[in-house]
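A.B. asks: The chain contents come next:
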Amino acid sequence: KQEVTQIPAALSVPEGENLVLNCSFTDSAIYNLQWFRQDPGKGLTSLLLIQSSQREQTSGRLNASLDKSSGRSTLYIAASQPGDSATYLCAPHSGGGADGLTFGKGTHLIIQP
Amino acid sequence: GAVVSQHPSWVICKSGTSVKIECRSLDFQATTMFWYRQFPKQSLMLMATSNEGSKATYEQGVEKDKFLINHASLTLSTLTVTSAHPEDSSFYICSAMTVSGANVLTFGAGSRLTVL
Chain B
1 KQEVTQIPAA
11 LSVPEGENLV
21 LNCSFTDSAI
31 YNLQWFRQDP
41 GKGLTSLLLI
51 QSSQREQTSG
61 RLNASLDKSS
71 GRSTLYIAAS
81 QPGDSATYLC
91 APHSGGGADG
101 LTFGKGTHLI
111 IQP
Chain E
1001 GAVVSQHPSW
1011 VICKSGTSVK
1021 IECRSLDFQA
1031 TTMFWYRQFP
1041 KQSLMLMATS
1051 NEGSKATYEQ
1061 GVEKDKFLIN
1071 HASLTLSTLT
1081 VTSAHPEDSS
1091 FYICSAMTVS
1101 GANVLTFGAG
1111 SRLTVL
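Residue numbers (the numbering used here), protein chains in the order written: chain B, 1 to 113; chain E, 1001 to 1116.
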């Protein structure tokens, strides 16, 4: 059974800093891995999708890396802004279960103005 | 891109009543949709898989008679919480897989249910 751990659970930093959010998973046999953003009381917004054959994906100030063999993914946020404040969820798709996804509990990020 | 719409975004009801939540794929057809529940500060937990034209498949521990799922068309799945109780208060989110699959899901904005 896939298990996902996200570290840190919470992070509060002043704006402008470069951030690293970590995700580890126990079953490395994955199809892909997604990073999502969830604002309070809202649904999920997909940020980046990394296929199992890829090492990283970039979108604007976001960069996600994937080391499938070691069961790790990292989300880098450059030049953080207050609008980046949200909970960030990692979800590897391993085919187990109906939807194939296992969600971590997320990293709750607060960017101070 | 693919868009999934959920309605209502929030609902308050009295204990014992039933509440229906809709999940629609706006610009694509979805043979499979998923329903999740999220309690405060917790992960999303899959409740059931909604299959167009057939019965839903429920995860272990989810009461199928309490959480009724109907997927009557390729663009609409509904979740009905029957005889709701305060412990059913939660954030319910749906997702949809495109017909082509590709192991990519699109999520709705969620529905906040509060049972008094």
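Any given hint might turn out to be false.
To be verified - Here are the simulated lysine-lysine pairs, DSS-like style, with alpha carbons at most 27 Å apart:
(1) B/1 with E/1020
(2) B/1 with E/1055
(3) B/42 with E/1066
(4) E/1064 with B/105
(5) B/1 with E/1014
Unchecked claim - Now the in silico label distances, taken between C-beta atoms and shown as ranges:
(6) E/1085 with B/17: 24 to 30 Å
(7) B/51 with E/1083: 41 to 47 Å
(8) B/7 with E/1018: 16 to 22 Å
(9) E/1013 with B/3: 30 to 36 Å
(10) B/112 with E/1007: 34 to 40 Å
Stated by the list, open to error - Every beta carbon over 12 Å from chain B, so not counted as near; a handful from chain E, in silico:
(11) 1016
(12) 1020
(13) 1070
Treat the hints as calculated values from the structure; they're not laboratory data. A virtual CB, placed ideally from N, CA and C, is assigned to each residue, including glycine.
A.B. asks: Give a verdict on every hint.
C.D. replies: How the hints compare with the structure:
A hinted pair counts as satisfied when its Cα atoms are at most 27 Å apart, and residue 1 of chain B with residue 1020 of chain E does not qualify at roughly 32 Å. Note on residue 1 of chain B and residue 1055 of chain E: the hinted pairing holds, with a Cα-Cα distance of about 25 Å set against a maximum of 27 Å. Only pairs whose Cα atoms come within 27 Å are accepted, and residue 42 of chain B paired with residue 1066 of chain E is accepted, the gap being roughly 24 Å. Distance restraint check for residue 1064 of chain E and residue 105 of chain B: the Cα-Cα separation of roughly 26 Å lies within the 27 Å cut-off, and the hinted pair is therefore satisfied.
Pair hint residue 1 of chain B plus residue 1014 of chain E does not hold up; C-alpha atoms about 38 Å apart against a cutoff of 27 Å. For the hinted restraint 24 to 30 Å between residue 1085 of chain E and residue 17 of chain B, the CB-CB distance of approximately 44 Å leaves it violated. Between residue 51 of chain B and residue 1083 of chain E the beta carbons are some 44 Å apart, a value that agrees with the proposed interval 41 to 47 Å. Distance hint for residue 7 of chain B and residue 1018 of chain E: a CB-CB separation of about 41 Å, inconsistent with the stated range 16 to 22 Å.
Distance hint for residue 1013 of chain E and residue 3 of chain B: a CB-CB separation of about 35 Å, consistent with the stated range 30 to 36 Å. The given range of 34 to 40 Å is respected by residue 112 of chain B and residue 1007 of chain E, whose C-beta atoms sit roughly 35 Å from each other. Separation of residue 1016 of chain E from chain B is adequate, the least Cβ-Cβ distance of about 25 Å exceeding the 12 Å criterion. Every CB of chain B lies more than 12 Å from the CB of residue 1020 of chain E, the least distance being 18 Å, so the non-interface label holds.
The claim that residue 1070 of chain E lies off the interface holds: its Cβ sits roughly 17 Å from the closest Cβ of chain B, which is beyond the 12 Å cut-off.
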